[in-house]
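Chain order of the listed sequences is B and Y.
Just so we're aligned: the first sequence equals residues 1 to 701 in my numbering.
Just so we're aligned: the second sequence equals residues 1 to 701 in my numbering.
It is possible that part of the hints are untrue.
Simulated crosslink set (DSSO-like; lysine-lysine; CA at most 27 Å straight-line) [said to hold, decoys possible]: (1) Y/LYS36 - B/LYS572; (2) Y/LYS352 - B/LYS36; (3) B/LYS40 - Y/LYS619; (4) Y/LYS352 - Y/LYS446; (5) Y/LYS401 - B/LYS585; (6) B/LYS572 - Y/LYS506.
Covered by chain Y, per the in silico footprint, the following chain B stretches (three or more residues, Cβ under 8 Å) [said to hold, decoys possible]: (7) 249–258; (8) 284–298.
What follows is a set of in silico ranges between Cβ atoms, one per label pair, in the way DEER data are often shown [said to hold, decoys possible]: (9) B/ALA686 - Y/LYS413: 54 to 64 Å; (10) B/ALA62 - Y/ASP527: 38 to 48 Å; (11) Y/GLU179 - B/ASP628: 21 to 31 Å; (12) Y/GLU179 - B/THR425: 51 to 61 Å; (13) B/THR89 - Y/LEU584: 23 to 33 Å.
For the record, the hints were derived by calculation from the structure and aren't laboratory data.
Ideal Cβ placement from N, Cα and C applies to all residues, glycine included.
Protein chains: 2
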Amino acid sequence: MLRTTAFFRSARAPPKRLVKYTINHTTRTYSTVPLKLPDKESTLAKFDFPLATHTINDVTKALKSLLKNKDQKITLNGHINRKPRIRATMSFAEIRDAHGDTSQIVMAPGLTDQKFFDLLKSTTTEDSVSVSGHLQLKQNKEGETDRQWELVVENYQILNSSNLDAARLDKLKHASPEELPPQFRYLQLRTPYFQNALKTRSRIAQLIRNIFVENHGFTEIETPLLFKSTPEGAREFLVPTRSPEKFYALPQSPQQYKQILMSSGFTRYFQIAKCFRDEDLRSDRQPEFTQVDLEMSYINSSDQVGIVVEDLIHSVWNKIRKVPTYKVNEEGYLEAIAFDTSAPNEKLHFSKLSYTEALTKYGIDKPDLRSKLQFIDLSKFLVPSKSNNGEFPILEACVLKAAFDPAASKKYKVPHNLVDPLNYTRRRPIVIPIHSKDDANAWYNKFIEKGVFSPTAEFNEDEFHRSLNLKEGDILAFSTRAELPYENPTPLGKFRQLAIQEFPTKWNREIINKETGEISQQSKREDIFVGTWVVDFPLFNPIETTAESSDDFPTYDYTSFESTHHPFTMAKLEDYDLLETDPLKVRGEHYDLVVNGVEVGGGSRRIHDACLQKYIFEKVLRITNYNDLFGHLLHALSMGCPPHAGLALGFDRLCAMLIGSPSIRDVIAFPKNQSGADPVVDSPTAVSEKTLNQYFITTKI
Amino acid sequence: MLRTTAFFRSARAPPKRLVKYTINHTTRTYSTVPLKLPDKESTLAKFDFPLATHTINDVTKALKSLLKNKDQKITLNGHINRKPRIRATMSFAEIRDAHGDTSQIVMAPGLTDQKFFDLLKSTTTEDSVSVSGHLQLKQNKEGETDRQWELVVENYQILNSSNLDAARLDKLKHASPEELPPQFRYLQLRTPYFQNALKTRSRIAQLIRNIFVENHGFTEIETPLLFKSTPEGAREFLVPTRSPEKFYALPQSPQQYKQILMSSGFTRYFQIAKCFRDEDLRSDRQPEFTQVDLEMSYINSSDQVGIVVEDLIHSVWNKIRKVPTYKVNEEGYLEAIAFDTSAPNEKLHFSKLSYTEALTKYGIDKPDLRSKLQFIDLSKFLVPSKSNNGEFPILEACVLKAAFDPAASKKYKVPHNLVDPLNYTRRRPIVIPIHSKDDANAWYNKFIEKGVFSPTAEFNEDEFHRSLNLKEGDILAFSTRAELPYENPTPLGKFRQLAIQEFPTKWNREIINKETGEISQQSKREDIFVGTWVVDFPLFNPIETTAESSDDFPTYDYTSFESTHHPFTMAKLEDYDLLETDPLKVRGEHYDLVVNGVEVGGGSRRIHDACLQKYIFEKVLRITNYNDLFGHLLHALSMGCPPHAGLALGFDRLCAMLIGSPSIRDVIAFPKNQSGADPVVDSPTAVSEKTLNQYFITTKI
């Protein structure tokens with residue numbers, strides 16, 4: 001005998017009750033009626049069923065030959081894709097197989113046993129079923145057969161039933177991520193978009209591993225996840241142990257272990273590694289994330305790392321995304337990279353951009369180079385009145401050419417997004433639409449009068465106009481920056497990002513065909529991926545001291561330093577002496593790989609000389625307890641560790657870019673939400689006092 | 001100017017000071033003298049050096065053509081393999097490259113600059129160096145050239161120095177794992193044995209992934225490591241969060257997430273996954289370990305999982321270990337498995353062994369089938385006097401045929417290992433050497449007299465003798481067991497394991513050549529790998545209630561049950577009704593893969609029917625809070641989750657077997673020690689009060 005409860009039903013239980021779910025699992029209610037063993041026949045039928053003979057696509061491809069053989073029995077297994085149509089004579093349903101393909105199944109009197117009609121009545125969307133029968137061509141409205149096939153049911157089994165009504169399920173399946181009650185992630189994952197997203201991620205990982213191993217002789221080595229707390233960077237997750245007062249920490253990256261591996265004689269290490277950061281979760285950060293991590297020893301230039309990384313990057317774009325990668329050539333055009341996926345790379349294809357050039361041209365260290373927008377230094381002509389004691393002396397401008405039609409409206413207002421204070425960390429650029437010739441010629445007088453800036457001694461009106469070349473319909477933005485900005489992005493850099501978002505089709509770089517010299521516009525912008533190496537970062541930053549409340553200039557303590565990336569990065573050899581005399585002038589052997597304004601990866605040559613590493617800890621960074629924190633690394637370096645360099649790629653972000661999604665959540669099966677919770681399993685949870693006692697900890701509020 | 005400190009030296013600092021290390025990192029002392037920036041020239045030389053033109057093996061292979069070109073300059077980079085020999089005229093050193101090959105380098109007056117001679121004097125074992133020069137053939141003692149080459153040094157650079165004297169380093173490098181101060185793991189990892197171990201592990205992972213993806217269409221999906229505490233199995237590591245009283249737990253396996261993935265429409269999932277268990281560490285367990293995890297949906301038999309798993313197993317043995325796998329055929333011979341690595345498998349090759357057969361023949365659920373030792377049931381003849389109220393009524397024997405030479409010594413004593421109480425959990429078998437015909441014929445009388453056992457009514461002396469067939473030189477062991485033993489291994493099962501260890505060359509199964517019928521002995525025992533599927537486990541065990549102090553029979557509460565493996569395993573369909581009437585009689589759809597007595601993997605068909613799963617939780621296992629613990633899984637199952645089954649392989653153990661090591665530590669770069677500490681980085685550590693406050697926890701002792 002069959003029991004139904006509020007929550008669980010067996011396949012045959014008629015009729016279905018609509019169960020309401022709330023988002024929080026803990027409010028689910030279950031029956032408290034004592035359960036009996038579920039009905040034997042219907043339960044065992046869920047385990048005892050024929051294997052699929054074909055996928056739906058198999059059938060479509062071999063349709064002709066399959067139709068010839070009248071005795072050919074076909075079994076399809078999958079989910080019911082939408083509510084079956086029950087008719088007095090024929091009934092219809094749609095089955096979706098594991099590849100996301102769908103096909104019609106039909107129950108026909110005489111051909112299909114009556115019991116299967118009854119079973120179909122109790123079937124609803126997203127039930128898992130097994131269907132066997134023979135193929136026939138569908139008839140169109142005029143009664144003619146067409147090329148499409150359907151399966152006439154001879155056997156029908158419900159392998160498991162979904163427990164919601166079809167209408168609600170249909171809505172849930174196609175809900176946007178924001179609308180979907182998040183514990184229903186598994187319904188969403190069944191849709192073709194997410195199936196493709198995670199399968200593509202798997203293919204990317206596989207391709208990357210094959211390139212590492214087969215093209216470059218790398219060894220994949222797993223490093224521990226129960227690591228040591230080295231509280232220098234982001235906040236780390238702790239793991240209590242059953243030794244009183246002793247904790248592991250989950251690693252932010254395998255950085256230290258991979259350097260120890262270099263001292264262990266491995267010359268080419270990689271790992272697709274889980275990493276952890278307990279940071280406040282922005283919309284697109286996850287507390288656990290995946291990193292493609294590599295390190296190479298006995299190399300004397302970062303280019304050797306870059307060549308391997310470019311092999312990965314060009315290959316995944318060519319083979320997975322099936323579009324070329326682009327670089328910016330010397331004339332500022334985009335040039336498709338001619339990359340031979342069959343042969344290992346021997347040189348860098350992307351060009352290099354120095355930190356200083358990136359900040360002065362684009363106001364950020366990860367510029368989106370699809371756009372040709374860049375800044376004009378006005379400091380020859382104008383001096384800002386407010387420069388925070390001369391720390392921000394450069395006045396720079398960005399012109400959005402022909403942003404609007406000056407004839408169309410006299411009242412054109414700059415899009416709010418470009419000037420919204422919420423989009424800026426601190427001060428904003430001043431943004432002016434150029435409505436008229438007057439505006440173009442005399443816009444600055446007003447600001448001189450108001451005392452925003454004043455002309456320099458060399459101010460020359462003609463030269464000034466030539467440098468800006470303003471026309472009606474342009475939008476002008478200007479702001480201040482430091483000579484070498486630590487502010488990153490600068491106010492104008494942020495403005496540039498917002499302008500690219502706001503006007504995605506404007507000011508894009510043209511594409512040059514290297515063979516023919518032909519120049520064309522970007523046609524499908526979503527298929528354009530422009531990469532660059534950003535190099536020559538300052539090795540150290542002054543420590544920022546800006547007050548929380550400040551909405552003006554950031555302030556710095558120029559006598560205390562922190563590593564721009566991490567303390568293990570080597571200085572550029574030509575800047576070596578500056579480590580002693582002027583650390584802020586030292587450039588690091590760090591390199592970032594930036595694609596379309598996203599930092600895809602970053603790496604560096606490392607300090608393998610323990611004596612120099614110790615100097616950096618003690619004298620530059622003034623880390624007093626470096627022996628406790630990093631003694632293990634110094635020890636490993638001091639034992640004949642060879643020179644080495646490496647890089648890490650953000651794997652989640654890379655996968656998201658490749659499937660064309662702005663969100664890494666789309667390529668993670670079970671992402672955490674913004675409170676760090678997993679709504680599917682309802683973690684984190686409270687833990688019993690007894691368990692905590694084993695770890696010698698207690699909670700407090 | 002160059003500074004040396006107690007700990008860190010630059011390459012040129014003469015002469016080296018021997019620094020003593022203690023095992024505990026925290027006792028290392030560093031100089032407190034203020035540091036200056038290390039000497040520029042020698043430090044930068046460590047970063048600016050020529051790349052290797054060849055590996056040593058490259059040179060050996062291309063020696064003839066390389067020698068022809070007199071101008072050919074060769075650069076080798078690597079470690080100095082042992083202390084250089086400094087002579088008044090010529091000096092010699094040995095360089096080891098990253099592949100573990102070694103070559104002699106020679107400094108010759110006239111050819112090598114004097115400064116390099118001086119540099120070689122300050123060189124010691126395990127310094128990292130770059131050497132350039134030209135090739136010549138070595139001269140043997142008679143002054144004749146032989147086929148071996150050496151490199152005449154024209155440029156020599158120390159890329160990093162090791163900071164211990166050569167003698168100590170040599171000793172450390174070749175120390176056994178027990179002797180090596182464990183923070184020197186990186187020296188050990190440089191040796192060819194460990195280089196091979198970790199490179200082989202990487203190759204195995206790569207091969208396994210390729211088989212999953214290319215042969216079987218699996219998708220690799222990463223599941224979260226920040227999971228939820230579900231305190232049903234082993235002790236879990238907790239991860240405090242910045243929400244008061246909320247904890248993640250690190251997963252013991254991806255079991256629940258992978259079942260949710262089955263409900264998410266993925267039909268073939270795999271992952272090489274990190275798992276965590278906070279258990280008391282036996283010699284060969286690690287708190288973090290790696291598992292090859294797979295799950296398949298829409299399958300109706302565990303064989304479909306087994307076929308994929310056998311593809312992995314036969315392939316890694318064939319391609320990595322380069323030996324065949326064996327099964328036990330029906331006559332009890334070993335038969336090499338004919339496996340075509342180029343084509344996916346279509347059937348199971350290993351045979352199946354039921355739990356009952358395994359326990360009654362071999363006394364354990366993971367028998368080492370290389371040995372043909374098996375047990376003789378004596379219950380037809382003898383009844384034990386002590387049977388714990390009839391719970392252990394079976395008297396069984398194991399005979400070690402011709403274990404000793406009865407003529408050689410009248411005083412032969414059974415090896416202590418076989419009878420050492422420390423080797424047994426509770427009661428031990430009685431073990432008797434058969435010294436004489438008398439012993440063979442009348443050994444049991446003594447035990448009948450002593451009341452150890454008594455003859456049955458059907459006791460027939462001839463039949464009894466035939467069944468045991470004892471001869472002088474045999475060792476007889478006998479003990480008791482239950483009808484269906486939950487004791488696993490049984491006392492005699494443990495005895496069998498010890499006997500195999502003690503007499504590795506005896507009682508091994510013969511190998512049959514399937515083509516010719518020829519029968520041969522096992523020749524290289526370390527190359528024989530015998531696999532079997534163990535099936536038909538009881539789905540539930542009675543909960544053990546044995547008192548800690550007991551050294552006799554284990555006791556059970558036969559009215560309360562626990563899952564033999566985990567609560568998600570399906571019952572055998574034919575035992576379905578027993579779930580209600582007699583749960584202990586239910587056999588599970590669980591299958592273990594056992595190779596040479598090691599459980600390589602285990603898996604099952606799962607319960608995909610939420611109603612049945614709930615019944616098992618509530619009625620059989622009496623888990624009252626199953627909604628809190630497993631509500632997420634019930635929810636996922638109830639949403640049309642298809643039938644599914646899977647398996648997990650212990651990857652560390654698999655790799656250790658394949659490199660022929662008894663210890664998983666040999667295939668883990670940085671294993672934890674038996675206290676759960678990582679001596680290389682000195683984790684776990686204390687954490688500041690400030691950090692703990694962020695997680696709303698405090699420590700207590």
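Hint by hint, here is what the structure shows:
1. Y/LYS36 - B/LYS572: Since the Cα atoms of Y/LYS36 and B/LYS572 sit roughly 18 Å apart, the hinted pair holds (cutoff 27 Å).
2. Y/LYS352 - B/LYS36: violated (33 Å)
3. B/LYS40 - Y/LYS619: holds (16 Å)
4. Y/LYS352 - Y/LYS446: violated (40 Å)
5. Y/LYS401 - B/LYS585: violated (82 Å)
6. B/LYS572 - Y/LYS506: Status violated; Cα separation ~66 Å.
7. 249–258: Holds: 4 residues of the region 249–258 of chain B have a Cβ under 8 Å from chain Y.
8. 284–298: holds (count 5)
9. B/ALA686 - Y/LYS413: 54 to 64 Å: holds (59 Å)
10. B/ALA62 - Y/ASP527: 38 to 48 Å: holds (45 Å)
11. Y/GLU179 - B/ASP628: 21 to 31 Å: holds (27 Å)
12. Y/GLU179 - B/THR425: 51 to 61 Å: holds (57 Å)
13. B/THR89 - Y/LEU584: 23 to 33 Å: With Cβ atoms ~52 Å apart, the hint is violated.
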